[in-house]
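Number of protein chains: 2
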Amino acid sequence: MKILLDGMGGDYAPEEVVKGAVRAAREIQENIAIIGPEEKIRECLEANKLSGENIEIVDATEVITNEEHPAMAVRKKKDSTIVKGMNMLKNGEADIFISGGSTGALLAGGLTILGRIKGIKRPAIAAWFPRAGKKGVTLLLDCGASVEAKSEYLYQYGIMGDIFVRGITGKIAPTVRLLNVGAEEGKGDTLHKEAFDLLKNSYLNFCGNVEARDVVYGDTDIVVMDGFSGNVYLKASEGMASAIMGLFKNKLTEGIRAKFGALLAYSKIKDIKSTFDYSDAGGAPILGLKGAVLKVHGNSRSVEIYYAIHRAVDYVKGDVTGKIKEAIEKVEADKPKATESGFDE
Amino acid sequence: MKILLDGMGGDYAPEEVVKGAVRAAREIQENIAIIGPEEKIRECLEANKLSGENIEIVDATEVITNEEHPAMAVRKKKDSTIVKGMNMLKNGEADIFISGGSTGALLAGGLTILGRIKGIKRPAIAAWFPRAGKKGVTLLLDCGASVEAKSEYLYQYGIMGDIFVRGITGKIAPTVRLLNVGAEEGKGDTLHKEAFDLLKNSYLNFCGNVEARDVVYGDTDIVVMDGFSGNVYLKASEGMASAIMGLFKNKLTEGIRAKFGALLAYSKIKDIKSTFDYSDAGGAPILGLKGAVLKVHGNSRSVEIYYAIHRAVDYVKGDVTGKIKEAIEKVEADKPKATESGFDE
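Chains A and B, in that order, give the protein sequences.
For the record, in the first sequence the residue sitting at position 82 is 82 according to our numbering, with numbers rising by one throughout.
For the record, in the second sequence the residue sitting at position 215 is 215 according to our numbering, with numbers rising by one throughout.
With the rest of the complex left out, here is chain A (with noise of 0.2 Å):
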């Protein structure tokens, strides 16, 4: 198995996707290899790693960055991490893509050169979500990929859920759940209605709706949201678990008394922080494209590099996109009538 990394996506690369390559390469057999100016990276590569770590560098000159609108990015710099990182994929010379780089930009590179799977109508962006209280995480999906949502993406993103899940956890039948303004059947646009009579007929563990409120109480494996919404959904929940945090850090360091108190109950505090810590939820998977791409958030550190290429190789082995694609051909071959506004090519 090889590991792409993409050496120059996020904040802090390339330092720390290095530190985090270098760190997992000391734990995994399979092979890595860093994409990005190959100078830059050997000279971060020599200043962090000890000895025999399986590292490759593949040179890419060029950087697509946020700024820039993704679909020209890709289709001009041809020698941008981004688009060698997809056509290496494109060619089997590599097995996952990991990329904390331009969401925008992993998406169009993803659609024009990797393509969708046969039958699948929009790939969509998973990611992790920590339960409040209920052991596991869940998977959100879809986070963004497709604002402009129809019925059956949101059916689709069910069975690409499943699928996933089911790869990595190895449950039999995990719990997916629809994100709606209220938990009753019948609540909801004319989307979401849509979406609930496609996932109740289904093969899939279907029960029902999900309040926003109730998401980080529940254990359902799968939520499926559709990306208007579901990116509404995660950002947020990320600012009010930041802002809270981070009143508390301020609140807690205030005058000495409290200082005292914050130091006492310090390792309760650093458990808290720690449920609500995304590090090592791993990345987000793009599914639906004919390959394995994996976006981690672009402010992540090294630990997130680490966690991420671990949960790569369990995507990998889990054979998360050839599943997706036998599950699609099999839900096509019999798919459930339904109406005609909800479905496109």
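Just to be clear, a hint being listed does not mean it is correct.
Restricting the straight-line Cα-Cα distance to at most 30 Å, the calculated cross-link-like pairs of lysine-lysine (DSS-like) are [stated by the list, open to error]:
#1 A:323 x A:150
#2 B:187 x A:193
#3 A:134 x A:249
#4 B:171 x B:325
#5 B:135 x A:251
#6 B:251 x A:259
#7 A:40 x A:118
#8 B:325 x A:273
#9 A:270 x B:273
#10 A:273 x B:270
#11 B:135 x A:259
#12 B:118 x B:2
#13 A:134 x B:251
#14 B:259 x A:134
Treat the hints as calculated values from the structure; they're not laboratory data.
As the structure is a computational prediction, the values presented were derived from the model and not from experiment.
Given chain A, put chain B in place with the hints provided.
Just chain B now, with coordinates in the frame of chain A:
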């Protein structure tokens, strides 16, 4: 001014409603009337009031529950607190109606009994949202009145929010942003792109898009949201805030060390709780109806009712309903050209 209270709305009605009313009645000069089963409300009142509070009872024998179909319940239960409240508003027998009852029934009752202000396409539920670090609160709308939004609704939410914030806070040109999947112009689906253009070309102090992550960190006065993702935004934030605060509560009472630490840091932890405590926000106005309706959370205690009554006084004094009427007439007179799909009648 007469302020009407739904004596049977919410999980802790009528006791907590009555308590909140009694507390507020000692401070304000306005008349307060509580709608509900006369005997029950009277008992509560007698158990709680001290002396001289100016509180009247309006008898209503029925209650609409959250489990009922809103429109059907409003049609059938003519003697329910919600239907009675709306009729009193309509007949000029009261100036504002505060209820912790079913949001769906309040909307259905508002639409069928009061009706929309001429020119307003859809009413909007507006909610005050806390800010981390910056002073003041942010008005979010729509939080779920219309889950099937069109761009012109969003544009009108901006107008209604502007009038409400000016009426309540006295700010001259409150800032308006649009909740979207990215901060840059051109982000989002067709709905949000169209709404962006309408808001940008309006008289409002429109400052562009805002991502869900940044709402709580910002100091925007009004954030315009489509009802579906607005509902998701609000509930995601609530869920995450309550999950983290709950974890802190649990963790900091685990073991003597942490307990003692928490005790020392108590006042600071209380500060944080109060920042994200919605109780003093004072309810969510339903804007766009021909009458002032203030929805309070179903789990409101007397303190929420008390604050809502204070807000209600400002709401009526600010003549928000009258001013929305004027503004929308003016806007209709010189309506900006918009794409066809964004409009409907």
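For this session: Assess, step by step, whether the Cα of residue 171 of chain B is no farther than 30 Å from the Cα of residue 325 of chain B, and give holds or violated.
Result: holds (19 Å)
Exercise. Between residue 273 of chain A and residue 270 of chain B, is the straight-line Cα distance small enough, at 30 Å or below?
Worked result: The hint holds at about 19 Å.
Exercise. Going straight from one Cα to the other, do residue 134 of chain A and residue 249 of chain A come out at no more than 30 Å?
Worked result: Given that 30 Å is the threshold and the Cα spacing comes to 25 Å, the pair holds.
For this session: Below or equal to 30 Å on CA atoms is what counts here, so check residue 118 of chain B against residue 2 of chain B.
Result: Satisfied, since the Cα-Cα distance of roughly 24 Å is no more than 30 Å.
Problem set entry | Straight-line alpha-carbon gap residue 135 of chain B to residue 259 of chain A, limit 30 Å | Satisfied, since the Cα-Cα distance of roughly 25 Å is no more than 30 Å.
Exercise. Holds or violated: are the alpha carbons of residue 135 of chain B and residue 251 of chain A at most 30 Å from each other?
Worked result: holds (16 Å)
Problem set entry | Hinted pair residue 259 of chain B and residue 134 of chain A, Cα distance within 30 Å | OK: residue 259 of chain B and residue 134 of chain A at ~23 Å, within 30 Å.
Exercise. Does the structure keep residue 134 of chain A and residue 251 of chain B at a Cα separation of 30 Å or less?
Worked result: holds (15 Å)
Exercise. Does residue 187 of chain B pair with residue 193 of chain A here, judged by a C-alpha cut-off of 30 Å?
Worked result: Holds. Residue 187 of chain B to residue 193 of chain A sits at ~26 Å (cutoff 30 Å).
For this session: Starting from residue 323 of chain A, check that the Cα of residue 150 of chain A is at most 30 Å away, please.
Result: Status holds; Cα separation ~23 Å.
Problem set entry | Given pair status - residue 259 of chain A, residue 251 of chain B, alpha carbons within 30 Å | holds (17 Å)
Exercise. Is residue 325 of chain B close enough to residue 273 of chain A, meaning Cα to Cα at most 30 Å?
Worked result: violated (48 Å)
In this structure, the earlier hints numbered 7 and 8 are contradicted, and the remaining ones agree with it.
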